[in-house]
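Q: Sequence:
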Amino acid sequence: MTDLTITQQALEDQQVLLTVEVPEARVESAMRAAAQRLGKQYRFPGFRPGKAPYHVIVQRIGREALLEEVAEMLRNEVYSEAIESAGITPYAPGSLRDLSFDPLVYQIEVPLPPKVELGDYRSIRIVKEPVDMEAVEAGVQQQLENMASQRATWETVDRPIQYDDLVTVNLKLTVDGEVVLENDDWDFAPDEKEYTMAPEFDAAFIGMKAGETKTFAAMFPEDSDSAWKGHEGLFEVEVKAVKGKMPPELNDEFATKAGEFESLEAMKENIREHLLGHALEDADVDYTNKVLDAVESQTTLVYAPAAVDRAVNVIASEQESLYQAYGFKDLAEVLKLQGRTAAQFREDLLPDAEKRLRRELTLNAVADAEAFPISDYEIDQYLVENFGGDLAGLERMRGQVATDPGLRDYMENRIRQRKARLLLVAIAKGEEVPASGQHVAAQAPAPVETIAAETVESEAASQPEAVTEATLDEAADAA
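The sequence shown runs -4 to 474 under the numbering used here.
Quick caveat, the hints were computed from the structure, so don't treat them as lab data. This one's a predicted model, so the numbers in the text were calculated from it and none came from an experiment. It cannot be assumed that every hint is accurate.
[Said to hold, decoys possible] Subject to a maximum C-alpha distance of 25 Å in a straight line, what follows is the list of computed DSS-like cross-link-like pairs (lysine-lysine):
1. 285 / 123
2. 224 / 188
3. 123 / 167
[To be verified] Now the in silico label distances, taken between C-beta atoms and shown as ranges:
4. 81 / 417: 37 to 43 Å
5. 170 / 267: 26 to 32 Å
6. 144 / 283: 33 to 39 Å
7. 346 / 54: 53 to 59 Å
8. 243 / 195: 50 to 56 Å
9. 328 / 246: 49 to 55 Å
10. 260 / 309: 44 to 50 Å
11. 401 / 92: 47 to 53 Å
All residues carry an ideal CB built from backbone N, CA and C; glycine is no exception.
Whole structure, please, built from the sequences with the hints as guidance.
A: What follows is the structure, encoded as structure tokens:
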């Protein structure tokens, strides 16, 4: 039973506003306790430490200041008592919206657990598109051409300059009437996308041939790193030589040298297998996402801002761990190098965080609806998948799971999410699946010795009884 006066107001974003009034007698009692504590901390003229009367302490400190002290002192106590009395299970800690005195009233926003209403996800059917084999074959050809390009040689060509040729030029650059650069026998490769000095510079050489000269102007962009940015330069150039990249012929000899294959066809088949494997993996991921998007589209999700904040915290923690793996001290060091604030960093994470939150809430709801059981064997398999290469880490995690219910709950939740994902994909494909509540947890396979023993016993039972001298004697006696 509480002496607090509590009113609730439902908010739109899965939160509730609690208005909690603390009775005057309770406030007065708390003020006297606070005054007694302050009386021992501070000296009051004319009184020994801790002996100053209540009214003297109030007069010296001020009633408002003492009320603020009491409000802070009672805050957690009042919050815990209020949510228990109101029958609320907070999703995250509440936040103080307003505080007033005389009477002492707290207004606290309390985030509630997300609300999820699933649609008829068992009716979803989606056709899985086959892998685009033409794209795979195009990828095979592109990879062969890339490999050939890496082994190409430069050879002098008697033709106009093209992008990516290797061009040798004599060059003189004049800026604001002053010659700022002269270079003979300078090699460069005109690039259509990433200019060398200025966007017009590379393009000016296209179509020229060895022995030709040209004078042209080009503007150095304001956003470039050039010492002459924002200025116009006058270029005088002479093309000395033009070389083109000559890749080797794609034949059996190339396959043998480049990849130790017996033939070009064997090399193609190897590349094809790899590309097809990646294409099939990508197709599975794309299909799964389509299925989950379809399930989510018919699911009603309502959650408090605190749920998104929690998802942001998880991603931020993951990214900080990744940065530390690359040798950075912490996230703050990375943000300083990037010139970003922590607030900007968190804001950038919001779209991915909310997408992850919605996906996980949907999968959790499906897992609850299906009532997936989880076995000890499945927990152990999860640990093997994540720590199998680190035997010490695997054994350490096994020990922690045995003593930490929270860690086991986390792993069970991850396994249920995976089961929900696989079930939804099977449903969408039209496969036969168990009814809700009829799923069976995977169990450890029987030891090899047990299987062998059972096999021997089974085989022995099916064989006819062996004929021995004793059985022959028994038969003779019967006759």
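Q: So which hints don't hold here, by number, going up?
A: 3, 5, 8, 11
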